[in-house]
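Sequences are here, hints too, so could you generate the full structure?
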Amino acid sequence: MDNIQRLLTLMTGDEKHDLASYSTLDVLRVLYERVLDVAPGNLDDPHRDRFLLSKGHGPAAYYAVLSDRGFFPESWLRDWGTFDSPLGYHPDRNLVPGVEISSGSLGHGLPLAVGTALGLRAQGVDARVVVLVGDAELDEGSNHEALELAAALGLDRLTVVVVDNRSTSYAVPGRIAERFATEGWQVATVDGRDHAALEAALTERPTGVPNAVVATVLDREEVAA
Amino acid sequence: MTTVTSARRLVRDPRAQFGRTVTDILDEDLSTALVWAEISGRFFGGAVRRHPDRVVNVGIREQLLVNVGAGFALTGMRPIVHTFGTFLVERGFEQIKLGFGHQGLGGVLVGGGGSFDASRGGRTHQAPGDVALMDTLPDVAIHAPGTAAEADAVLRRAVAADGLHYVRIVEQTNTESFEDPGLHVVRRGSGATVVAFGPLLDEVLEATVDRDVTVLYAHSVRPFDAGTFRAVLTTPDVVLVEPWLAGTSARVVSDALRDVPHRLLSLGTRRMELRHYGTPADHQRAHGLDAAGIRRSLESFLDGRRPGR
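If you're matching them up, the sequences are chains A and B in order.
Taking this note's numbering, the leading residue of the first sequence gets 1, the next gets one more, and so forth.
Taking this note's numbering, the leading residue of the second sequence gets 1001, the next gets one more, and so forth.
Derived from the structure by calculation, the hints contain no laboratory data.
Computed from a predicted structure; not experimentally measured.
No residue lacks a Cβ here, since even glycine has one placed at the ideal position from N, Cα and C.
Be a bit skeptical, because a hint or two may be false.
Computed Cβ-Cβ distance ranges for the label pairs, DEER-style [to be verified]:
#, chain 1, residue 1, chain 2, residue 2, range
1, A, Pro-86, B, His-1125, 39 to 49 Å
2, A, Gly-58, B, Gly-1104, 20 to 30 Å
3, B, Ser-1254, A, Pro-86, 30 to 40 Å
4, A, Met-1, B, Ser-1254, 56 to 66 Å
5, A, Gly-70, B, Glu-1028, 39 to 49 Å
6, A, Gly-174, B, Gly-1041, 34 to 44 Å
7, A, Thr-82, B, Pro-1223, 54 to 64 Å
8, A, Asp-44, B, Gly-1182, 29 to 39 Å
9, B, Arg-1188, A, His-47, 54 to 64 Å
10, B, Gly-1182, A, Pro-206, 50 to 60 Å
11, A, Gly-70, B, Met-1272, 28 to 38 Å
12, B, Gly-1046, A, Ala-196, 32 to 42 Å
13, B, Glu-1176, A, Gly-141, 38 to 48 Å
The structure is reproduced here in structure tokens:
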């Protein structure tokens, strides 16, 4: 069993739990293993890359990846959600090393990422800011305020990765990518399970425009269907 | 009086003063940023030109306004976030609660207009509930300067401090400035204690000119200066006069006097919508917050007279 699966099992107690049920897992692994310059040793470095998990619900995969990378001991995973655990069902940056934002309520991460990118730019820091949102999270209008401004201000250190597991109730095929492209973002749509494709899209750093990656992930039912 | 700065440029209008003071702060302190949303741009012109990376207009996007400010704070900067109070505090309240409060970040939120500035603009541009709403969050410092000089002092202190601050900038002003935080003893008497917050002090002084009461004044609304309040209290009759929702500060008086049997009269804006236009003075009068209205309420509360109109 791979270490991430073992760590997830600590949380779920279910060894048969299919990794495919974690829509964000592959994106998170590629980010932390191949893309981001952030580690337990540089958490206080203003030049570290920032990853903001906006879609804060269902954070088991996030916690497993952070623990795997050494941000906190795996013993924390066993009793997550209990009163004294730092690990809640939505992550809290004040409790968990490596967590850049406290999330849970949808539609806050991308606006916070835009502010973070602006703050880093004002200080001459060239670090990446990557924010993960869900396709249904884009229902929230606050995201659209943010993606418009990010393009208008040319925030080219900002990457949005949309994990598209077709969970929005009112989907329009291709709308997400078109929405970003219309505002002037660079956009790539990739298979959200394909690590090489994810790495290529997530490491893109276009000049003068922000980068959007739509990572398409079908859940088990859809795969089986 | 505290010396808050070496080169102050004071004007008469608190909103113009906000623009001038924040422009000076941006010039002096590279760790500050101003995030605004189309409103008050005419006051920021010089700063926009000189500091394009630290002065950001987000357009008419108030949810984004607040979280962009919080994002600046995530990178270690001190954001100043501004639009009309209603759009800042009420439209983006979850952004304040989560983007600043829950993240554990600090910043200075500056809301313009208050309860009365937009007297002709109607309910959409009035925020009588802003202080009460901000007061639901832990550890927020709330300031209601009553003059331009107080606005300057309050803004400079709030930016230099830590934590989350809300500064309420309005056009109504008092005659005298009290630049230090805390309760100021404006007049000492042997009867009731009347506490005036923000730009209602002149009205309170006029309403109480022939009464043997103590008049206290503060522009620092939270934290409430309970120490001074208890120290000067004589008869346990307390009158609160606030230029926002009546009763907003009743809880801090209640906390301060939990071991003292007391009576409290809370004056402020009434809950009903006026659905009238006119001047700020018309609105203050309609809420019973002009000198005559405050006098009538005092007669009823302190002398047992029935309020007659």
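Status of the hints after comparison with the structure:
Our hint of 39 to 49 Å for Pro-86 of chain A and His-1125 of chain B holds, since their Cβ atoms are close to 43 Å apart. For the pair Gly-58 of chain A and Gly-1104 of chain B, the beta carbons lie near 23 Å from each other, so the given range of 20 to 30 Å is met. The beta-carbon spacing between Ser-1254 of chain B and Pro-86 of chain A, approximately 36 Å, falls within the hinted interval of 30 to 40 Å. Between Met-1 of chain A and Ser-1254 of chain B the Cβ separation comes to about 59 Å, which falls inside the hinted range of 56 to 66 Å.
The supplied range of 39 to 49 Å is met by Gly-70 of chain A and Glu-1028 of chain B, whose beta-carbon atoms lie about 42 Å from each other. A C-beta distance of roughly 37 Å is found between Gly-174 of chain A and Gly-1041 of chain B, which places it inside the suggested range of 34 to 44 Å. Hint check: Thr-82 of chain A to Pro-1223 of chain B, Cβ distance near 34 Å, so the stated range 54 to 64 Å is violated. For the pair Asp-44 of chain A and Gly-1182 of chain B, the supplied restraint of 29 to 39 Å holds, since their beta-carbon distance comes to about 36 Å.
For Arg-1188 of chain B paired with His-47 of chain A, a C-beta distance near 58 Å keeps the hint of 54 to 64 Å intact. In this structure, Gly-1182 of chain B and Pro-206 of chain A meet the distance hint of 50 to 60 Å, their C-beta atoms being roughly 53 Å apart. Separation of Gly-70 of chain A from Met-1272 of chain B is about 59 Å and departs from the stated range, judged on CB atoms against 28 to 38 Å. Remark: the range hint 32 to 42 Å for Gly-1046 of chain B to Ala-196 of chain A is contradicted by a beta-carbon distance near 51 Å.
At roughly 45 Å, the beta-carbon separation of Glu-1176 of chain B and Gly-141 of chain A lies within the given 38 to 48 Å, and the hint holds.
Violated hints, listed in ascending order, are 7, 11, 12; each of the other numbered hints is respected by the structure.
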